[in-house]
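First to last, the sequence lines map onto chains W and H. Numbering-wise (the numbering used here), the first sequence opens with residue 102 and increments by one. Numbering-wise (the numbering used here), the second sequence opens with residue 254 and increments by one.
Since the hints were made in silico from the structure, they are not lab data. As the structure is a prediction and not an experimental result, all values here were calculated from the model. A hint or two may mislead.
Stated by the list, open to error - Reference excerpt, derived from the structure (chain W facing chain H, CB under 10 Å, subset only):
1. E324
2. G325
3. K631
Stated by the list, open to error - With the Cβ distance kept under 8 Å, some of the chain W side facing chain H (calculated, not the full set):
4. I179
5. P181
6. L187
7. T351
8. H353
9. R365
10. I403
11. L407
12. A493
13. V529
14. R532
15. T537
16. E540
17. S596
18. D626
19. S654
Beta carbons are placed, not taken as given, at the ideal position from N, Cα and C, and that holds for glycine.
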Amino acid sequence: MSTVLGPSPAEAPAGAAAPPPADVRSLLRLAPYLRPHVVALTIMLLTSLGVVALSIAVPLVTKALIDGPITERDAGAILPLGLLALGLGVLEAVLVFWRRWVQSNAVLGIETAMRHDLYERLQRLPMAFHSRWGSGQLLSRATTDLSAIRRFSGFGVLFLLVNVVQLVATTAVLLHMYWPLGLVVAAAAAPIVWLCMRFEKEYVVVSRRVQDEQGDLATLAEEGAVGIRVIKSFGRSGHVGEQYAAAARTLHATSMDKVRLSARFWTFLGAVPNLAVAAVLLLGAIGVGRGALTPGELVAFITLMLSLVWPISSLGVILAMAQEAMTASARILEIFDTEPAIVGGTRRIERPRGHLRLEHVDFAFPDAPDEPVLRDVNLDVAPGETVALVGATGSGKTALTALVPRLWDVTGGRVLLDGIDVRELDLVHLRSLVATAFEDPTLFSMSARENLTLGRSDASDADVAEALEISQAQFVHDLPWGLDTRIGEQGLSLSGGQRQRLALARAVLARPAVLVLDDTLSALDVHTEKLVEEALGRVLGSTTGLVVAHRASTVMLADRVALVEHGTITHVGEHRELLATVPAYARLLSAEAWADDAAVSV
Amino acid sequence: MSAATDWRGAAAVDADEAAEAMTAARLGGGARRLLGELLAPYRRALWLLVAVVVVENAARLAIPYLVKVGIDSGIPPIRRDDDLTVLLVVVGAVLGATLLQAVARQLFLVRSGRIGQDVLLQVRRRVFGHFQDLSPAFHDGYTSGRVISRQTSDVDAVYEMLETGFDGLVTAALTLVGTAAVLLFLDVELGLVALLCGPFLALLTNWFRNASARSYRATREKVALVIVHFVESMGGIRAVQAFRREPRNQEIFDDVNEQYRAANLVAFRLVAWFMPGIRLIGNVTIAVVLLYGALLAYRGDVTVGVLAAFLLYLRQFFEPMMEISQFYNTFQSASAALEKLAGVLEEEPDVPEPTSPVALPTAHGELRFDHVRFAYVEDRPVLPDLDLVVPAGQTLALVGTTGAGKTTLAKLATRFYDPTGGRVLLDGVDVRDLTSDTLRDHVVMVTQESYLFSGTIADNIRFGRPGATMAQVVEATTALGAHDFIAAMPDGYDTDVANQGGRLSAGQRQLVAFARAFLADPAVLILDEATSSLDVPSERLVQQALRTVLAGRTAVIIAHRLSTVEIADRVLVMEHGRIVEDGAPGDLVAGGTGRYSALHDAWVESLA
Ligand SMILES: Nc1ncnc2c1ncn2[C@@H]1O[C@H](COP(=O)(O)OP(=O)(O)OP(=O)(O)O)[C@@H](O)[C@H]1O
Ligand SMILES: Nc1ncnc2c1ncn2[C@@H]1O[C@H](COP(=O)(O)OP(=O)(O)OP(=O)(O)O)[C@@H](O)[C@H]1O
Ligand SMILES: [Mg+2]
Ligand SMILES: [Mg+2]
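With these hints in hand, go ahead and build the complete structure from the sequences.
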């Protein structure tokens, strides 16, 4: 399993605080969500208690009927007592209705609020977090776990309380009715409590495993959907199907453990009250026989006792629910407890010039802290200047560009924008100053316009048209609904080059002070590339640019070139100059190599 | 479309609307059929379970009866001469019944739990498998979020029913029937009075069934919206953050979250009517029986013991009613989910497997497009009329402006889509007559997007050929010049590539994706911009490797960098879905006036 999925996110957060335990404390930490619903919760509690009181009262009316009118042959009292029973019955139903009505609102409010906060938190958590967590695991928290909490916070807590109250109250009434028998009933509580505690301990382990495995399965389901084209092109449906089935079987096995555990527990819980009934019958009948108890009392006593069977056996279900809610809240707290490591400062740049400066920048990804990706990087990009980053695959160019908008934070040194450390800048402000066209276009299944205006929602149609022209993405106008056409998921209803140009237009449209282009012309044909380059040249004339390039043609966009080798900038200079003086650079971008071949192939 | 959903934009097939229409048409028939199918293998086991439940309930129902016997016949002997025998026998019987009930219950819970889990496993596998069988065209419109939603939240709903289902339903139904019988047996008159509640229960339940079916369907659809948005925004979180999309996303999420809440609220409120309704009927019945029974007892028509037992049984009658209604509720929710799942399972693959497949044990690799027409969207042909033969063993380069239809051509050859007109033939056989397994054995494509699965680098490369040894994997990466960077990773080939390859750089991802195809060793290899993100030296290495690998193999290389074209025997230039030039690269350049020649000039110039 783990070879398929890698380390499960449950164990992944290395260095993060220990995961919160799945106990009452984690559940209580989510209690503030109950606050806005205090009134509703109070009503729920009171109505539930009312229901309990009524369920105790009705057998008492029965007792009164049997002992009174019937035994004493008093016909007149039958009707009022009967009507009383009817009234109490109706009242009970009304209370139940009231509770459920109020509860619907409250529990859904709680769930919705938690989901809101969860999403908000997830959006704020940095890439360092997201690169570690599969979205399947996140999703299972936002859906399955939240509904586990909802179920418990609505039905579970209430019934737990009500059941306990009912158990205690009924036992008290029983003790009052005839204390020797009452004691027998009370004694039955001991094994129940003991059982519950044992069950809790074992159940918490199993239910956590089930929930984690469900998350893993969701991740596989997601990969099966997102990777469908790769799976198809290799005809590996069977293979991934097997992987999925294997994970599903693991979940099956764990779930069976859970089933067996609950079965044992529930069976025991069901048996205890029956044993108590046997004891009460024995002692009670003897009591009646010897005149210590009236028959009516015994009937009422046993009726009441039998009314405990259900609360006790449902205790099993409720405790399981409680345990699942605790596990769920622990899983959710794992996210709430992850502090967004990247938070903005307060400073703003009033008149951004776009002076970008990297000073002794070190950077390592958190999962490989000992293997820095960038080491002592120094670079100064003057306002309006464009610098190309050239380097071999995996040399750290993308990592470097990601430091500017603080998608990642430096681990050493600093990045300055107009002389201010980016970490001191307001984050939203900083990101409005820097726009990146990523190497993979990352489009969303929404309208083309919405995709374009991602970074600037107030862009006018003229702005959009201009950005489209610069990136040679006028094809958008020819889509079936023009700018309003929905772009397929990840832009997959567009051709590769179209996707890339759309992503480019998006970055251009943001009108940033610093424009970062991460190898964004790779999927364009030579003609289109040339047109884009000409247009981009105009934009970059006034904007600071950081352009990652693998081809000489793209390098031409830049005023200067920085050569990135093994995570550090070894040379900075003009293209021709580097070509002539730095062999490593010439190797990377040598025109001759291709020109020779081109000549040969002619 | 409301203002709140403008951002989604217009599409030819709106998956939401399609989903609505689908469910409206099927109205639950599919759900019932699917459930029947799923449970079919367990028919016998289910009957066994029913038997177990009968035993359990007989034991359970016996207890109040025994109590009655204990009171009615156990007490008088004690009163008379302190004789405990009858009472002890009865108490012994109670203990026996308790034991029997416990054993039966344990058996039932474990068995029914197993059936539930088995069914669930089966649903999961079937749904996952079916999604895999559906074509990319289907997935284009359906979106992965919805696929995930079906496989998580809908399956969960079914699970919830199965978890509590058998238990609740079987027990409750039997209790109802059993108790009704006992009531009639105890006293016919009183029993009939009690059973008067039946029609009311039926009416209420019927109302609830109709109303809740609709509302649960709505919740299924709304939760899918939540999941779709959630998955997509988390998948693209880098762009979301870089472009400060968070507030807008939050707005959209709040909107779908709220819609989901509202749909749930409707469903919950129905339950808020239904459950107390059941209880009201129960309580009124109890009160009526009490009143009437008291009169009978007063007149001496029934004994006090009978009345007591009667009331006990009535309670037992209505408590499972609560359980039934609870089950009914989860059942309704699960049916809505099953409906969705059945809808997916009934979706016919639009790239169907052949009914009588042609075997093609070894392929030479001749690829022929015979007057192929294709359009993604009706009336917008991408390939108007494509005629092309790629002889076995030829290396063909495909160039042309972006959006010309190169990828589309490749996708037709690999049968991601079927042409709307004409035929695609491999070795003279229509690809529609080949099973997908046969076709994939012979034709493999490296797609323009290098998608990696979470798992190790080795796993990802082996994806092309699961049986490959480590030596073969290393051989492939070495040939491509990818071995060095992989070996330098902290865990080498066992390095986890993390979320969809996030641990690797773009070029590294592309190399791994390339190695994956290399290892697959097909007769026809299609490379769609497979080296676009590589630096020049890496690209050269790949090219050298290709020279040897492509010998004797048919290859279609789609590329914008003409450097890739140099190894080709033949070049095609595509414009707007048509082939505008066709020839050996040297000849085309030598012509001096054609498009390729112009491209070539531009390219040479760009190298400067
Ligand atoms: N999340 C990560 N955790 C650990 N290492 C990573 C992570 N992402 C990338 N790396 C490693 O960091 C190095 C630099 O990656 P980067 O993406 O910056 O390369 P690049 O120069 O952009 O390459 P390319 O030209 O292929 O895009 C690579 O060796 C890569 O394997
Ligand atoms: N799934 C789809 N749904 C609708 N239209 C599509 C889909 N895929 C591609 N298209 C359209 O079909 C046309 C051809 O696309 P195709 O991907 O074949 O181009 P291409 O030649 O590969 O271009 P590039 O060089 O940019 O990759 C484009 O106009 C594109 O917008
Ligand atoms: Mg990169
Ligand atoms: Mg393409």
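Cross-check of the supplied hints:
1. A cut of 10 Å between beta carbons decides the hint on W:E324: the least distance to chain H is about 5 Å, and the hint holds.
2. Taking 10 Å as the C-beta contact cut-off toward chain H, the hint placing W:G325 at the interface holds, the least distance being around 6 Å.
3. Annotation: interface hint on W:K631 holds; nearest CB of chain H at approximately 6 Å, less than 10 Å.
4. At a threshold of 8 Å, the smallest CB-CB gap from W:I179 to chain H is about 5 Å, leaving the interface hint in force.
5. Proximity of W:P181 to chain H is violated relative to the hint, the smallest CB-CB distance being about 10 Å (cut-off 8 Å).
6. For W:L187, the interface hint holds, since its Cβ comes within 8 Å of a Cβ in chain H; the closest pair sits about 4 Å apart.
7. Hint status for W:T351: violated, given a least beta-carbon distance of 10 Å to chain H, over 8 Å.
8. Checking W:H353 against chain H by beta carbon gives a least distance of about 5 Å; that is within 8 Å, so the hint holds.
9. For W:R365, the suggested interface contact is upheld, since its CB lies about 7 Å from the closest CB of chain H, less than 8 Å.
10. Because the beta carbon of W:I403 sits about 6 Å from the nearest beta carbon in chain H, less than 8 Å, this interface hint is met.
11. Because the smallest distance between the Cβ of W:L407 and any Cβ of chain H comes to about 6 Å, under 8 Å, the interface hint for this residue holds.
12. Residue-level restraint check for W:A493 holds (minimum Cβ-Cβ distance to chain H is 5 Å; threshold 8 Å).
13. Given hint, W:V529 at the interface with chain H, holds; its Cβ is 5 Å from that chain's nearest Cβ, closer than 8 Å.
14. Nearest Cβ of chain H to the Cβ of W:R532: about 5 Å, under the 8 Å cut. The hint holds.
15. A hinted interface residue such as W:T537 counts as satisfied when its beta carbon comes closer than 8 Å to some beta carbon of chain H; here the least separation is about 5 Å, so the hint holds.
16. For W:E540, the shortest C-beta to C-beta distance to chain H is roughly 4 Å, which falls under 8 Å, so the interface hint holds.
17. At its closest, the beta carbon of W:S596 sits 5 Å from a beta carbon of chain H; the interface hint therefore holds under the 8 Å criterion.
18. Taking 8 Å as the C-beta cut-off, the interface hint given for W:D626 holds, the closest approach to chain H being about 5 Å.
19. A hinted interface residue such as W:S654 counts as satisfied when its beta carbon comes closer than 8 Å to some beta carbon of chain H; here the least separation is about 4 Å, so the hint holds.
Checked against the numbered hints given earlier, this structure breaks hints 5 and 7; the rest are met.
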